[in-house]
Amino acid sequence: MNTIHDLGGMHGFGAIAPERDESPFHETWEGRAGGILEVMTFPPGFTVDRFRYLRETLRPDLYLVQSYYEQWLYIAEQVLLEAGMISAEELARGKASPQSTKRNDSMRADAVWDFLHDRAHSGRPLAQAPRFTSGQRVRARNMQPAGHTRLPRYARGRSGMIVSHHGGHVLPDASAHGKGDAPQHLYTVRFAARELWGAAAHPRDSVHLDLWESYLEPA
Amino acid sequence: MSQHSHSHDDSVEMARHHHIHADLPPDPALRVKALESLLTDKGLVDPATIDAWVETYESRIGPRNGAKVVAKAWVDPDYKQRLLSDATTAIAELDLLGSQGQHMVALENTPGIHNLVVCTLCSCYPLPLLGLPPTWYKSAPYRSRAVLDPRGVLREFGLDLPEHVKIRVWDSTAEVRYLVLPERPAGTEHLNEAQLATLVTRNAMIGVAKVTA
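Same order as they appear, the protein sequences are chains S and P. For the first sequence, the tail end lands on 223 under the numbering used here, and the numbers increase by one without skipping. For the second sequence, the tail end lands on 215 under the numbering used here, and the numbers increase by one without skipping.
No false leads were slipped in.
Simulated restraints on C-beta separations: (1) Leu68/S with Glu195/P: 40 to 50 Å; (2) Pro222/S with Ser87/P: 26 to 36 Å; (3) Leu68/S with Lys35/P: 23 to 33 Å; (4) Ser87/P with Trp117/S: 26 to 36 Å.
The list that follows gives simulated cross-link-like pairs (lysine-lysine, DSS-like), each with its CA atoms no further than 25 Å apart: (5) Lys35/P with Lys99/S; (6) Lys212/P with Lys168/P; (7) Lys82/P with Lys168/P; (8) Lys212/P with Lys74/P; (9) Lys106/S with Lys35/P; (10) Lys70/P with Lys82/P.
Just so you know, the hints here were simulated from the structure itself, not pulled from any lab data. We put the CB at the ideal spot given by N, CA and C, even for glycine.
Model the full assembly from the supplied sequences, consistent with the hints where possible.
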């Protein structure tokens, strides 16, 4: 979807502000929010792509002012609300309704280390041969899907060159919307900075994006 | 009279404040507390499991992992070749793979090529090798400008690269995760692998800094 998360190439956000000796969490609640969204019980079929899509549905004005973990909190709430695993009333009160039954299958503390090492893998073997080969010129399609996609606006309609092929991968555009893995060949495409940004860009610079086959056409 | 106008100003200020905030969600610390207690109540999360997750990212998974990979590549030319041709397998040799680290690509910086990693669409980052990303990496200024003005971004980090250097920016749009293999600094010939690893910084492995001796 064409909203504020697609930040590449925008002006006006000012200087980058690195912090000295930054710790992973600035406040205790950030770690709790991060932990909840990682280790809570998810609805069946939930995917990382749905996660990213839900973050994109945050109101654009809030997206720009909320901290990262505040956005995670929003995602966690949305996941559980849209699956009916919690109700808005329960969320407002911070307490389970008396009718709710307590589950006993949430992730245990001793499973965290393995969980972080055994994430779902997005690679999927594909029988059909890749359409493009390394060195081939391609153009990123001009497409404006209202749902989730991983083709940023700044690359749409621009030409580049395939520099590597990664095999089949789950297509986020499908997986974010309950349409299964729908795997496609994934490629790294190199775009000259001048192709993306015009004559003012440095002639030696380039930007690389990982793009699925349906995002591309021969150039 | 002055007392009166003072309280009038205060109430205007408060009204403005309320107007701005009426539309915003409440304090995140309170929201998190409410959500954690609700989910605990419903058996959808175990607070001890959240503790373990926080502890893992505070003390067990961080840039030291990536630094081990870099230092090994600096001292072992065969390992470096394996890392550059198939980073996923080479990193798995060190038992360092995990969340978002399944499809790794290592990018070698040389005197003529400088690599810089960003995620313009969200905040994808090689978690098992670098831990959780710093706030600036997730911020709008970095995500918007790293692709458009990488030289300006690098200058802000104190790195003014000569004209002849090619800058390659990598926007992490899929599940491929990128690790920059920085140049080994001059004058480190006497250091062993473990000593070298202590020189390697997170920022150098993202590509916004060089490693210095």
